[in-house]
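Chemist: Sequence:
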Amino acid sequence: MMASAENRIMGEVQPDIEHGIAINKHQFSLNLIQIFLVGLTIGMTRVVVPGLAESEFGLADNAFFLLASFVVVFGIVKAVMNLFAGKLSETHGRKTVLLWGWLIALPIPFILLYAPSWNWIIFATVLLGFNQGLCWSMALNSKLDLAKSTQKGFVNGVNEFAGYAAVGIAGVATAYIVELMGAKEGLFWFSLVVIIAGLVLAKWTIVETLPWAKLHHQNALDAGQKTKPQTLAQLFKEGSLDNKYLVALNQAGLVEKFTDALVWIFLPVYFLSQDISLIEAGAIIAVYGVVWGGSQLITGPLSDKIGRKSLIVWGMWFCGLGVMAV
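Last residue of the sequence shown? That's 911 in this note's numbering, and every number before it is there in order.
Simulated from the structure, these hints should not be mistaken for lab results. Hints should not be assumed to be uniformly reliable.
Label pairs and their in silico Cβ distance ranges [stated by the list, open to error]:
no.: 1; residue 1: H802; residue 2: V778; range: 34 to 44 Å
no.: 2; residue 1: D889; residue 2: N704; range: 17 to 27 Å
no.: 3; residue 1: T735; residue 2: S858; range: 24 to 34 Å
no.: 4; residue 1: F821; residue 2: L688; range: 22 to 32 Å
no.: 5; residue 1: W705; residue 2: G605; range: 38 to 48 Å
no.: 6; residue 1: N704; residue 2: I891; range: 21 to 31 Å
no.: 7; residue 1: K829; residue 2: D889; range: 21 to 31 Å
no.: 8; residue 1: N704; residue 2: V898; range: 38 to 48 Å
no.: 9; residue 1: I883; residue 2: Y761; range: 22 to 32 Å
no.: 10; residue 1: G907; residue 2: H802; range: 36 to 46 Å
no.: 11; residue 1: K890; residue 2: H802; range: 44 to 54 Å
no.: 12; residue 1: Q819; residue 2: Y761; range: 47 to 57 Å
no.: 13; residue 1: L668; residue 2: I891; range: 27 to 37 Å
Heads up, simulated DSS-like pairs for lysine-lysine below, C-alpha to C-alpha not over 25 Å straight-line [unchecked claim]:
no.: 14; residue 1: K733; residue 2: K672
no.: 15; residue 1: K733; residue 2: K610
no.: 16; residue 1: K680; residue 2: K610
no.: 17; residue 1: K788; residue 2: K610
no.: 18; residue 1: K890; residue 2: K610
no.: 19; residue 1: K890; residue 2: K788
no.: 20; residue 1: K610; residue 2: K769
no.: 21; residue 1: K822; residue 2: K894
no.: 22; residue 1: K788; residue 2: K799
no.: 23; residue 1: K822; residue 2: K672
no.: 24; residue 1: K769; residue 2: K672
no.: 25; residue 1: K829; residue 2: K890
no.: 26; residue 1: K829; residue 2: K610
no.: 27; residue 1: K680; residue 2: K829
no.: 28; residue 1: K737; residue 2: K890
no.: 29; residue 1: K733; residue 2: K799
no.: 30; residue 1: K769; residue 2: K680
no.: 31; residue 1: K822; residue 2: K610
no.: 32; residue 1: K680; residue 2: K733
Here a beta-carbon is modelled for each residue, glycine too, at the ideal position from N, C-alpha and C.
Using the sequences and the hints given, assemble the complete structure.
Modeler: Structure, rendered in structure tokens:
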């Protein structure tokens with residue numbers, strides 16, 4: 586049943602489509618803009634929400650567990666959505682799942698504006714996790730569909746650059762806006778503009794890229810590669826238990842996200858406790874996101890030439906040094 590639904594969406598390989606970033610630069614750029622907008626939505630919470638949790642969002646003094654809860658909830662929801670988004674897009678299409686992600690995000694600005702307690706902030710974070718898991722995954726998958734198989738590292742590099750540069754920019758921008766308008770009003774207008782822009786652009790400018798994915802599949806078959814379909818449960822088992830290489834990669838990703846959570850939860854609170862202004866704190870934390878994103882422009886294409894493993898190992902060393910320094 587799933588295979589037939591997938592075939593209906595993908596259809597036959599269209600004769601007028603080709604892989605390559607250059608030949609598909611228009612759609613590639615539009616999907617890159619989607620990633621930038623997704624980065625802005627998550628970046629707006631990185632400084633203002635934890636930094637002003639007590640004064641603006643009703644969090645009790647020194648309630649560090651509750652402070653961490655909104656990041657933990659976001660991570661869990663996003664992880665689940667990442668797991669299911671790919672399969673959903675194979676049956677419903679990349680564009681449809683992308684639109685779902687933006688539609689789910691529409692209540693977020695209003696929740697941030699009218700939130701009477703911290704629990705409402707956690708609920709907004711749940712919706713944000715849905716948005717990130719669906720939209721980020723689909724915009725990335727669409728670019729991978731459009732690109733050549735030899736350009737995967739470059740695709741991931743520019744993808745991470747756009748997303749995490751936006752995270753850093755949003756942290757500084759929302760700090761300025763909050764200083765002018767107040768926390769709730771500032772987050773409301775910033776998030777509303779970004780989410781509506783993402784939804785409108787997704788609806789009217791993005792095209793379905795499953796035909797390009799079908800062409801990748803056909804090229805693999807023509808090259809004699811085995812591409813036996815696997816269920817979601819089979820894929821999860823292989824990546825979590827059976828395939829030691831994939832397990833190691835997932836472990837590295839877990840460590841990297843752990844350190845990211847440290848930056849998200851504790852640094853804004855620490856900086857503000859040291860009498861650093863919200864804008865200054867946002868600027869300092871933005872360095873982290875911009876360096877993360879900017880380095881991807883080097884490591885992404887480099888991984889296409891020298892492989893991924895050595896870069897991952899070096900990244901783990903830098904990650905450990907960074908945590909020790911903090």
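Chemist: Against each hint, give a clear statement of whether it holds in the structure.
Modeler: Cross-check of the supplied hints:
no., hint, result
1, H802 / V778: 34 to 44 Å, "holds, 38 Å"
2, D889 / N704: 17 to 27 Å, "violated, 45 Å"
3, T735 / S858: 24 to 34 Å, "violated, 49 Å"
4, F821 / L688: 22 to 32 Å, "holds, 27 Å"
5, W705 / G605: 38 to 48 Å, "holds, 46 Å"
6, N704 / I891: 21 to 31 Å, "violated, 48 Å"
7, K829 / D889: 21 to 31 Å, "holds, 24 Å"
8, N704 / V898: 38 to 48 Å, "holds, 41 Å"
9, I883 / Y761: 22 to 32 Å, "holds, 30 Å"
10, G907 / H802: 36 to 46 Å, "holds, 40 Å"
11, K890 / H802: 44 to 54 Å, "violated, 26 Å"
12, Q819 / Y761: 47 to 57 Å, "holds, 48 Å"
13, L668 / I891: 27 to 37 Å, "holds, 30 Å"
14, K733 / K672, "holds, 21 Å"
15, K733 / K610, "holds, 12 Å"
16, K680 / K610, "holds, 17 Å"
17, K788 / K610, "holds, 19 Å"
18, K890 / K610, "holds, 22 Å"
19, K890 / K788, "violated, 36 Å"
20, K610 / K769, "violated, 38 Å"
21, K822 / K894, "holds, 22 Å"
22, K788 / K799, "holds, 22 Å"
23, K822 / K672, "holds, 15 Å"
24, K769 / K672, "violated, 36 Å"
25, K829 / K890, "holds, 23 Å"
26, K829 / K610, "violated, 36 Å"
27, K680 / K829, "violated, 33 Å"
28, K737 / K890, "holds, 11 Å"
29, K733 / K799, "holds, 13 Å"
30, K769 / K680, "violated, 31 Å"
31, K822 / K610, "violated, 36 Å"
32, K680 / K733, "holds, 20 Å"
Hints 2, 3, 6, 11, 19, 20, 24, 26, 27, 30, 31 from the earlier list are contradicted by this structure; the remaining hints agree with it.
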